[in-house]
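Participant: Let's have the full structure, built from the sequences with the hints guiding it.
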Amino acid sequence: MNHRMRRIYSILISAAIFMVIIIPIIPTLDTVASSEIDYWDGFRTNELKKEIGQLSNDSNNIFWFAHMTDVHINAFQLIFGNQTEVFKNALEQINEYIKPLFIVDSGDMVNGLNPLPYYQVLEQWKARWRVLEDTEMNDSYYYDIPGNHDGYGDSDTFSYYLNWSIQKKLNYTFNAPVSFGNYTFIGLNSVWNDGSEWPDGTEGELDTEELDWFEKQLKNHNSNLTFIFSHHPYNDVGDSRTTSGLSFLQILEKYNVSVHFFGHGHENMERNKGGTAFIETPSLGMGDEEYRIFAVDNDGISEKVVSLNTYPVAMITSPMDRDFSRVAYDIPNTSTSVPVRALVFDQVAVDSVQFNIDGDPWVSMMNNLATKSLWNGSFDATLLSEGIHTINLRAKSQSGESTDSISIFVGTSVKPEIINGEIKNIIRYSDSNPLRYNLTMYKWDKKDTNDQLYWNISGLDPNFCSLSIIGDKNNTLLVDPVNGASGTKRITIELYDSEGYSTTQQITITLNTRLGTNQLLLIIGILELIFLVVIIIAGLIYYKKYDRDSINIKK
2 MNHRMRRIYS ILISAAIFMV IIIPIIPTLD TVASSEIDYW DGFRTNELKK
52 EIGQLSNDSN NIFWFAHMTD VHINAFQLIF GNQTEVFKNA LEQINEYIKP
102 LFIVDSGDMV NGLNPLPYYQ VLEQWKARWR VLEDTEMNDS YYYDIPGNHD
152 GYGDSDTFSY YLNWSIQKKL NYTFNAPVSF GNYTFIGLNS VWNDGSEWPD
202 GTEGELDTEE LDWFEKQLKN HNSNLTFIFS HHPYNDVGDS RTTSGLSFLQ
252 ILEKYNVSVH FFGHGHENME RNKGGTAFIE TPSLGMGDEE YRIFAVDNDG
302 ISEKVVSLNT YPVAMITSPM DRDFSRVAYD IPNTSTSVPV RALVFDQVAV
352 DSVQFNIDGD PWVSMMNNLA TKSLWNGSFD ATLLSEGIHT INLRAKSQSG
402 ESTDSISIFV GTSVKPEIIN GEIKNIIRYS DSNPLRYNLT MYKWDKKDTN
452 DQLYWNISGL DPNFCSLSII GDKNNTLLVD PVNGASGTKR ITIELYDSEG
502 YSTTQQITIT LNTRLGTNQL LLIIGILELI FLVVIIIAGL IYYKKYDRDS
552 INIKK
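Each residue of the sequence shown is one higher than the one before, starting from 2 at the first, in the working numbering.
I should point out that these hints are in silico values taken from the structure, not numbers from a laboratory. By construction, the Cβ of each residue, glycine as well, lies at the ideal position given by its N, Cα and C atoms. One should not assume that every hint holds.
What the hints assert, rightly or not - In the DSS-like style, the derived pairs of lysine-lysine whose C-alpha atoms are separated by at most 25 angstroms in a straight line are: (1) 305 x 397; (2) 255 x 217; (3) 220 x 170; (4) 51 x 448; (5) 89 x 170; (6) 89 x 127; (7) 169 x 127; (8) 448 x 474; (9) 448 x 416; (10) 51 x 416.
Unchecked claim - Here are the computed distance ranges between Cβ atoms for each label pair: (11) 529 x 82: 54 to 60 angstroms; (12) 222 x 426: 42 to 48 angstroms; (13) 169 x 406: 38 to 44 angstroms; (14) 194 x 82: 28 to 34 angstroms; (15) 504 x 176: 34 to 40 angstroms; (16) 367 x 115: 50 to 56 angstroms; (17) 309 x 200: 28 to 34 angstroms.
Facilitator: Given below as structure tokens:
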């Protein structure tokens, strides 16, 4: 047997051994419902939480800015392409077609050493700097903050970032340069300050000194809206507290922070907690080449994820989307002319912009003469029933078509709400240990805090599984399957506030039984037999070909 044949056999035998080892393990793996380990009950209050924005006919009080993150210059370019070119393309398109008030870059600007980013590579920083120079970025337009990749192995404490960034600061504050309000932006360095290498330095950290500085900035600014940006998300900044004992989340709620936007996870994520909207923007350089546009319209906030080279870009800026933040204003059901505004960006002239409500006929919008990218329309709220409605938008041009949609509440919303998406369905093995499912992230009410809201469960089948709400904060669903039970059952989960109002959602619980020992051994035996047959056939084919080649050589 020659070397090539021995190699083929070794691969097939290794695969067979792998399956023999792994297959018995697979049925023991359990599928658990995903939930966020994050207990935050907010401050008890007897007053309605402050709403964001005002419903206004004024089309002048609007500005927008762009957020990019995780460019990762020189990271696995065979997979993700040339990030330097993507970075430059993004800045050029944003400058020419979006024309924002400013741009925020929330870190991981470079990647560091490939494939394992233990330390910084100067040429990556120089390549980034050349793009910044070519696109004429400056410190009153481009606001950057470091990510973990920008600090790996930098024992001089961010010396590369401080030398090669635009802002050259780790923590800072600025106000949006507009005349119709005070809009505060605070950049926080969420990276470890000791130059930790990968992988230890991947996690975020805001220490007591940084949190004290953060709280001081919030005390000193009387703002219409406050935006916080960092590289790491709110649940990855460590567990330090201010000198006065406040955690990061408690600071956000105490000072009515409107939005915390960040990167790090490379995904598009939106979540609400305590009146603050948490927004993760996808990676520009290690994903689908996307960034985000935020708009502020009469203090209402909207956002849109944008793909490079894709036009038009259309987004509704008024009314405010209640799915973006639960402190968005309601629409009075007495208003006969509710303004609808949209921003539309394109490389060519826009042919038409239209909206509808709940799928009704499309209504044309008019281009605003003062602001080229702005389009205006209106609707009569007295014709709508009280409750949640959807506004749909579409914009057409020679570039293509772009759509957007938002959720509004007509009337006055008083019920508690299940937020951050629906509560997930649960799949378990019937002989698995009880599941503790944290429901904190799903609770919301304008008046009550989390510890004033409570859950109720109905539709229980004691022969299927035991369900109960436990914990001193009434936040944990305990699911204890009955051994041997199988199938799928539907249960009803109700969320109540202190005044007796409630909202309801149904979820399914599926229980599976594991394979018995005899069944498992039978499957393993069949698979092993299949592998053996494959090995024999492969050997016969190879030897037949080898023998034919040998005869030809002799000839």
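Participant: Does the structure break any of the earlier hints, and which numbers would those be?
Facilitator: 11
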